[in-house]
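Peer 1: Based on these hints, arrange chain Y on the given structure of chain G.
2 protein chains.
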Amino acid sequence: MEDKAQIQEAIKSQGEVVRKLKSEKASKEQIDEEVAKLLALKAQLGDDGKTQFVLKTPKGTRDYNPKQMAIREKVFNTIIRCFKRHGAETIDTPVFELKETLTGKYGEDSKLIYDLKDQGGELLSLRYDLTVPFARYLAMNKITNIKRYHIAKVYRRDNPAMTRGRYREFYQCDFDIAGQYDAMIPDAECLKIVHEILNELDLGDFRIKVNDRRILDGMFAVCGVPDDKFRTICSTVDKLDKMSWEDVKKEMVNEKGLSEEAADQIGEYVSMQGGMDLAERLLQDHKMSQSKQACAGLSDIKLLFKYLQLFHVTDKVVFDLSLARGLDYYTGVIYEAVLTQASAVSAANEAQNGANAEESVSVGSVAGGGRYDGLVGMFDPKGRRVPCVGVSIGIERIFSIMEQKAEASPEKVRTTEVQIMVASAQKNLLEERLQLISELWNAGIKAEVMYKKNPKLLSQLQYCEEAGIPLVAILGEQELKDGVVKLRVVATREEVDISRADLISEIKRRTEA
Amino acid sequence: MEDKAQIQEAIKSQGEVVRKLKSEKASKEQIDEEVAKLLALKAQLGDDGKTQFVLKTPKGTRDYNPKQMAIREKVFNTIIRCFKRHGAETIDTPVFELKETLTGKYGEDSKLIYDLKDQGGELLSLRYDLTVPFARYLAMNKITNIKRYHIAKVYRRDNPAMTRGRYREFYQCDFDIAGQYDAMIPDAECLKIVHEILNELDLGDFRIKVNDRRILDGMFAVCGVPDDKFRTICSTVDKLDKMSWEDVKKEMVNEKGLSEEAADQIGEYVSMQGGMDLAERLLQDHKMSQSKQACAGLSDIKLLFKYLQLFHVTDKVVFDLSLARGLDYYTGVIYEAVLTQASAVSAANEAQNGANAEESVSVGSVAGGGRYDGLVGMFDPKGRRVPCVGVSIGIERIFSIMEQKAEASPEKVRTTEVQIMVASAQKNLLEERLQLISELWNAGIKAEVMYKKNPKLLSQLQYCEEAGIPLVAILGEQELKDGVVKLRVVATREEVDISRADLISEIKRRTEA
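If you read the protein sequences in the order shown, they are chains G and Y.
Just so we're aligned, residue 32 is where the first sequence starts under our numbering, counting upward by one.
Just so we're aligned, residue 32 is where the second sequence starts under our numbering, counting upward by one.
These are calculated hints, taken from the structure and not from any lab test.
Check before you lean on any hint, since a few could be wrong.
Identical chains share a label here; the pair holds if one copy fits it or two copies do between them.
[To be verified] Straight-line C-alpha distance at most 27 Å; calculated BS3-like pairs for lysine-lysine:
no., residue 1, residue 2
1, Lys287, Lys105
2, Lys260, Lys43
3, Lys318, Lys287
4, Lys487, Lys184
5, Lys260, Lys142
6, Lys142, Lys270
7, Lys280, Lys323
8, Lys148, Lys90
9, Lys115, Lys487
10, Lys281, Lys59
11, Lys184, Lys90
12, Lys184, Lys115
13, Lys184, Lys105
14, Lys87, Lys148
15, Lys484, Lys323
16, Lys347, Lys483
This structure is a prediction, so every number in the text was calculated from the model and none was measured.
If we strip away everything but chain G, and leave its shape as in the complex, we get (with noise of 0.2 Å):
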């Protein structure tokens, strides 16, 4: 630990280095991190002026206690019992990847990687997302054809709005399609899981969004961008969901120089939502008709929801020429899923901390994906593709949700899932109860005994009363002598004597339900 004098120096010229630059009016961003790094020092001196250590997880991640956990189970097994339903493999990749294999594969994202430190040997990255380790698994192994999911943490040196599930360290959760198969098929597919596992966990009604990005770059042709103004003006559309449409365009002509009448024409469609019938119309629109990128992507989008009707799911499924989607390597058909509504426990909740409705409510998008047909042939000496299409799971803003759903319920949520406790009414029967408890454990029962010599009955009644624990085996004396347990339902406070022969069935029986 470094010297108090030491410390108070680097908070005074840290001090200056935020006075600076708030004076020259630098971004939020900036002057957000540099008090971040104040506060730091200031909490190394503690208190009392002492050094101390400073007691917390990384900035933006978190831990996960036990009753986090069971909620993050629950909802794992629901998206898992999903992908396998749907008759996905798994694979797992290292949390790192060497630094060229992230490289030129995420725009202007690319400064929110992670690196490691140069220890000497390879330069490592931490993982940004799920795909592009997919894809390079795929070209390394020489896979053409592959159903996969992976669920595993990525991460992001981004700015964390832990309140509303956004972390630098999280969860991904995918699915994904690769081979070459008929249009729209695994697409379709896709979709319908996203409809599957966002109804299972029953978080309210949604949306979910479908474009194209052939449609987009048709659309930004006869709009008159300039080709290489695609990206730039597609990240912008990205913010429809965030700006409005003046501040949209505002960008497009001031910072991207794009003329306002092509800006205008622009503002036209993405105002358009719709299903088939939009698509339809769009094949027929003088305009859009003369590209033939933009006509690949409408008669694909008519051949999706043909097959989402068959699937039953087109009423929540719209047509939004505004979605536009950050990443660089999407092709194809693109989606995003939206909550559409203020569940009532945000609502409870604003009631309760005066929090902003919109921060609680807008836990923003909970799916997304499309299809990347151009991935792994990057990383092909050969540069033979492999097309791909798949969805992403934002597991973190969905535990957000039920976290909350789970404060606001009466109902306790278990962290283990123990059937029994053996327990004793008198005092020196410690060695009986281990005795009993690993005939349980080697029966498969799930057991605890309380690791005191002489512990209380009362203490280990109420030891299973917080912990939810449903039945307990008591030994006396008496009990001992007779051969029998005496088994108590914790609800009930009901006993009653089991012989030690009939035990293990008696409690498989009552547990079983």
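Peer 2: Below, chain Y without anything else, positioned relative to chain G:
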């Protein structure tokens, strides 16, 4: 990607680095590291001398393919089932910690910690184990009682030996009991858990070695080791499983400066192995009994064996005075489980591959742990102690063995759980297939359909054979007219018409087994 000439220049100068190191007789480790860099550079040139991407995972890491994941899932399920049977909750912590959280916890091994690059903000390191993050979690949340398991990846910049299951990124499966309890009860449960898991995984015979840091320290004291040399002599003793006593003695005397007499006395003790009787004998030993610490440790070993007898696990447990364990933070009982026989599989593999017998047989320790009563206090501003004891299952070595077993077995590992394939016997039935599979998914049935408009029946049936899918639902013109589906059993080729109304219950009935 870099320019060809630039890379050739780099290869040339790297070649000189290697030559220089060799001429200077540098360490093998150092030379290997530089040779690896040279090979990586050469790989960039590719066969045709064009610049190329290096398509690999970072040194010491690996991907898990679907088959390996199926094995991993099976092993994890066995372990988690055991942890849950013993009433453990689970937590999770971030993959990286503040650098200072890890500082001063691992002794000489600290050099193996991965640091993140300083990109502004906090200094971070990848976790080295799950124990230190657990202690940080307890101190930060002021938790004084918990029984938790944690399964996650940890990171060590070690020299990988991947054929023997030693990686730089690897899983740990930790179970720990924190709290002030009566002596040796939680400690005995940890050993019972190791016994249960190794039994269930069916890896062949094993031994669990037990010792106590207090016995080691007491032994060092009575043998005349100076106080300040306890930890370093302990590290040398720890090498007895890999080095002969002669070499260990040499290191003690020549490198660590211990007197020959003291070394010889230690040599007598560390050759001792036994059970409760050995602990009793040593309590009477005229030298050992002079150390209060040693006596406290020996009494606890006696108590431990008493509890282990009640658990019926003493057949596998050995009190072994040569067991030292590397980590600094242990304060009481320590243990380590090793597989004691070359499994039939390794022998078979060896014959096939001509591999070194030692290599394929000695997978080393598969579990280890001990008591660390001081670690949590290191994180508490007021130094409050939370006694802890725990065990870590060395899962990668277990994976290696299970993978070898699976490869040697004629049985096929299934990587999905698909119950039925929805197929068609004629052309133009895609819509009917999609409609039917949607019904099956909605009923919770695991089903697949081929992503082709008009797949051949034969290729659909072949896919089922390869993937181990037991049933096929075949649609044809006639079946559609009759309102039935032809249900085919892949193994027997038996076919039967089932009405659409009964299909779901029939599939469930047939796949419930």
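Peer 1: Each of the hints needs a verdict: does it hold here or not?
Peer 2: So, going through the hints one by one against the coordinates:
| no. | hint | verdict |
| --- | --- | --- |
| 1 | Lys287 - Lys105 | neither (45 Å within a copy, 54 Å between copies) |
| 2 | Lys260 - Lys43 | neither (46 Å within a copy, 42 Å between copies) |
| 3 | Lys318 - Lys287 | within (23 Å within a copy, 84 Å between copies) |
| 4 | Lys487 - Lys184 | neither (44 Å within a copy, 40 Å between copies) |
| 5 | Lys260 - Lys142 | within (21 Å within a copy, 48 Å between copies) |
| 6 | Lys142 - Lys270 | within (19 Å within a copy, 45 Å between copies) |
| 7 | Lys280 - Lys323 | within (26 Å within a copy, 81 Å between copies) |
| 8 | Lys148 - Lys90 | both (18 Å within a copy, 15 Å between copies) |
| 9 | Lys115 - Lys487 | between (47 Å within a copy, 25 Å between copies) |
| 10 | Lys281 - Lys59 | within (21 Å within a copy, 62 Å between copies) |
| 11 | Lys184 - Lys90 | both (16 Å within a copy, 20 Å between copies) |
| 12 | Lys184 - Lys115 | both (20 Å within a copy, 24 Å between copies) |
| 13 | Lys184 - Lys105 | both (17 Å within a copy, 21 Å between copies) |
| 14 | Lys87 - Lys148 | both (22 Å within a copy, 19 Å between copies) |
| 15 | Lys484 - Lys323 | between (81 Å within a copy, 24 Å between copies) |
| 16 | Lys347 - Lys483 | between (57 Å within a copy, 26 Å between copies) |
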